[in-house]
Amino acid sequence: MRLSNRPRKKQLPSREYDASENGVCRLCTAGCGLTLFSSGGAPVDLFGTELHPVNKGALCPRALALYRQIYGKSRLSAPAIRESADAPWRPADWDTALDFTARRMADTGGERLVIAGHESDPFDFLCGADWAAEALGCAYRPGRFFAPAFGRSASLFRMIGICGDQLLSNTPRDWCASRGILVVGGDLAAENPVTFGPLQDARDRGCELLYLGARGGMTSRRATGAWIVRPGTESLALSALLHILLRDNAVHQEFVSECVSGLDALRERLAPYAPARVAPHCGLAQERLEELAALIERLSPIQIIMGQLEQRRWIDDALPALCLALAALKGCIGRPGGGLNILGATPFAWPLTDNPPANDARAEGGKAAPAVTEPASPSPAVSEPPRADDPTDHTESKNGPLLKRDHPLALEACIKAHPDGAFIGFGDPLRRLAGQSARDGLRRMAFVVHMGPFDNATRRLAHVSLPAAHWMEYACLAHRSDGRAIQWAPPLLPPCGFALPPLDIWAGLMRRLRPESLPPWAACPEDAASPRRLAGWTLENCPLTAGLCVDDLERARNDASPGGVLWPCPRGAGETGRDYEISRYIRGNVRGRNNILFTPGSLWPESGRRFPTENGRIRLEEVSLPLLPEAPPGDGLTLVVSGLADRAADHPQEPLWPRENLGDAARLHRDTAAKLGIEHGCAITLSSAAGEVDVQAVIAPDVPENVVVLPPETGLALVAGEEPVLRPAAVRAARRK
Amino acid sequence: MRLVVVSQHSSLKQDALSGCRDDELVLAVDADRCIACGSCALACQAEHAPFGQPSPVRRLAAGIPPGQKAPRIVSLPTSCRQCRTPCACDTGYAFWTVCPAEKAHAVAAQSLYCDCCEQRLRAGLNLACVTRCSMKCLYAGTAADIRFVLEEKRLRSMGETEMCRCVPPGGQDRN
Chain W
1 MRLSNRPRKK
11 QLPSREYDAS
21 ENGVCRLCTA
31 GCGLTLFSSG
41 GAPVDLFGTE
51 LHPVNKGALC
61 PRALALYRQI
71 YGKSRLSAPA
81 IRESADAPWR
91 PADWDTALDF
101 TARRMADTGG
111 ERLVIAGHES
121 DPFDFLCGAD
131 WAAEALGCAY
141 RPGRFFAPAF
151 GRSASLFRMI
161 GICGDQLLSN
171 TPRDWCASRG
181 ILVVGGDLAA
191 ENPVTFGPLQ
201 DARDRGCELL
211 YLGARGGMTS
221 RRATGAWIVR
231 PGTESLALSA
241 LLHILLRDNA
251 VHQEFVSECV
261 SGLDALRERL
271 APYAPARVAP
281 HCGLAQERLE
291 ELAALIERLS
301 PIQIIMGQLE
311 QRRWIDDALP
321 ALCLALAALK
331 GCIGRPGGGL
341 NILGATPFAW
351 PLTDNPPAND
361 ARAEGGKAAP
371 AVTEPASPSP
381 AVSEPPRADD
391 PTDHTESKNG
401 PLLKRDHPLA
411 LEACIKAHPD
421 GAFIGFGDPL
431 RRLAGQSARD
441 GLRRMAFVVH
451 MGPFDNATRR
461 LAHVSLPAAH
471 WMEYACLAHR
481 SDGRAIQWAP
491 PLLPPCGFAL
501 PPLDIWAGLM
511 RRLRPESLPP
521 WAACPEDAAS
531 PRRLAGWTLE
541 NCPLTAGLCV
551 DDLERARNDA
561 SPGGVLWPCP
571 RGAGETGRDY
581 EISRYIRGNV
591 RGRNNILFTP
601 GSLWPESGRR
611 FPTENGRIRL
621 EEVSLPLLPE
631 APPGDGLTLV
641 VSGLADRAAD
651 HPQEPLWPRE
661 NLGDAARLHR
671 DTAAKLGIEH
681 GCAITLSSAA
691 GEVDVQAVIA
701 PDVPENVVVL
711 PPETGLALVA
721 GEEPVLRPAA
731 VRAARRK
Chain D
1 MRLVVVSQHS
11 SLKQDALSGC
21 RDDELVLAVD
31 ADRCIACGSC
41 ALACQAEHAP
51 FGQPSPVRRL
61 AAGIPPGQKA
71 PRIVSLPTSC
81 RQCRTPCACD
91 TGYAFWTVCP
101 AEKAHAVAAQ
111 SLYCDCCEQR
121 LRAGLNLACV
131 TRCSMKCLYA
141 GTAADIRFVL
151 EEKRLRSMGE
161 TEMCRCVPPG
171 GQDRN
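In order, the protein sequence lines correspond to chains W and D. Note that this note's numbering numbers the first sequence so that position 188 is 188, with each residue one more than the last. Note that this note's numbering numbers the second sequence so that position 37 is 37, with each residue one more than the last.
Treat the hints with care, as some may be off.
Simulated crosslink set (DSBU-like; lysine-lysine; CA at most 30 Å straight-line) [said to hold, decoys possible]: (1) W/K9 - D/K136; (2) W/K10 - D/K136; (3) W/K56 - W/K9; (4) W/K675 - D/K136; (5) W/K56 - W/K10.
These are calculated hints, taken from the structure and not from any lab test.
Take these sequences, add in the hints, and give me the full structure.
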């Protein structure tokens, strides 16, 4: 074939179309722009939005296959009820299904109601759940938009005074300004490819891309250096790194003296974490740790990236705190190309009273406030040390220890404590429950309600199936993103069958259970199910977004350059008010002058109260350190639960992604497999103290020796639900007979 | 259409573009950026079937021959469109010229082999796999264009990039 003209790389279909609509993908936290092309009202093709700053037209394969997924065989389109989990489903209309649900829920009583939720659940569902939980006084509810390690009782919050998700992270476009990027844990390339793109851009421009984690995978293969440690020892390795930095005195003296407190205390506490002692636990040679430390010492500014997708739930308290300490010692906080970057950040804490304290510099527009002669008195929210039993962050476990809310084990404890109660969950909460005993607990519950667009394992145990609309079918706020952007996501498709948006379902249920109860965003009952009212109220009530309204987001979506609005965008920021952040985003100046908190060589006017902590500094004395075991681990097989928790289980007939990337098989190192007599592709049985699963073995080059990697769908069945923190479990593997 | 894989890590010295006419269509894969996500294969499906419907597609694995440095996985952005029953086996690049299963193409779909997204090219648009690559690691154009792209990459990586046309023995280089 001869080319007459150079072809353009335009995100346009070759088919005829007469209309296109921009939306936002909510499959992961990247926040990509989607454009649906249609002809005569019927969709003809789906592309990434060419001008969207997040994906610049690219889409990951999950999004490319979205349309097929939505209209796949497992899609639910009409409500159904049944008396017991063994009985066949009876189709019902919405009134019948909601009456039935309300009656059964009223029978069990509010105090025995368990509402399961997860931060990746739709915004509308979580808000509706909070309303219902508040009005009904239920036993367990999805508390917030934070994974436990980023919440208010986490040591990260005690160090910096800001919840992890509300940290002012760099956006991916800023990553090219880094000299070094350290990716901690997870496998960004497999789970969040669009966000991995800017990392590769940075690497191609000379930035060192370093990987430290147990998973390995494509991220480690594309990195310039990878340090693959034993599962669960990432925080030990980081402790050793900090030990070396402090031993070599390779800290940023100016930043440390200006903005950090508790350095000596930390040095003392880190004394036992010498690399010679830590290395055997991590499964690394001591020289490798020294090599990583030497690299980090040399690279500045350095950026630390962590916390993507499902990995967030497995992060222990020490890991984000140590990452922040590393960034602080390097003086890389509030600098272009430097800092701790927590992916999937959101400005919203939940309940909204949990928002950042009043003396947070960002509440004033991220600007340097007028210099003050005496330090402002810390607000009560800060001066009061966070309690370990903070009721907003924890829930009681029957066994005694306090469990962090949203932790799978907290939910499990609650399910077991209320066998005669009712359970409501969105999507497939069963796959997040650890161990077979939790699944049995759910099976024994008196009444189980399934809400969600797809048929799955939870629905198979349910008594009522309430088909929710897919997120492409209703308007919603896309608040969580890797690039700190808030976007308005309009519906791109009409609802499938009789499916309803989650907020409509909650409103229908609450109308029957508590007709007098109104959610805080509604002035009258008709507003309760309005996504615009909910979004407007949420934006207005969060200090980080108070300068915004839904119309601003709509404008940003329909603009010549879509991409939403960067937060913080507080009330009255700038002369033109709310649109200064929009214009910044469009112009690409994603790190405006106002966001820079630290410039070497110049004393910031308010360096004494730069961070909303008690003393205005980063409190290194609050860093929690991991337990250093006495003896190194043996060479038994360790399970690490990791991988893409895509809806593979929901769509067995449609493998949307190459199976190896999806990781729904057990991944093993070839030497480990050879030792156990396992070959690539053969069926094996994995067993632990908690249970047993049958899976297929895949020999993977990136998995460390004596480790087996399983995704949450199958891996959780092998994790014992006794300890408050999920730790890597010891497992045995054998060829299936 | 000529297929070229480029990588900093390859020690193969063969210049795959040698002998190319300047106006010949070339597809180049930057193997240092490819993460084997499979977008290209899905893009091919989406392009060649009615919207929302699956179509037969074969994802080929290839890459740098074993024993050499990373990258070890490269997902080729190609799918065999010779017939309605694509081969299940993985092979090297030979299918560009010869069907690896030596099937009779009695039920040829739209075209033999890759049809180079003829419809898109006619509309002045780039190939579906190139357009939809999530890592932007595919380039298609005339040999002259690709030479320019590769030269830029070579400059960026300070001369370490080698161009190669790698045909792994047996093509079994998934790991």
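Results of checking the hints against the structure:
As the CA atoms of W/K9 and D/K136 are separated by approximately 10 Å, the hinted pair is consistent with the 30 Å bound. For the proposed pair W/K10 and D/K136, the alpha carbon gap of about 12 Å is at most 30 Å, so the pair holds. Proposed proximity of W/K56 and W/K9 is supported: the alpha carbons are some 11 Å apart, at most 30 Å. A distance of roughly 40 Å separates the Cα atoms of W/K675 and D/K136; the hinted pair therefore is violated under the 30 Å criterion.
A threshold of 30 Å between alpha carbons decides the hint, and for W/K56 with W/K10 the separation of about 10 Å falls inside it, so the pair holds.
Checked against the numbered hints above, the structure breaks only hint 4 and satisfies the rest.
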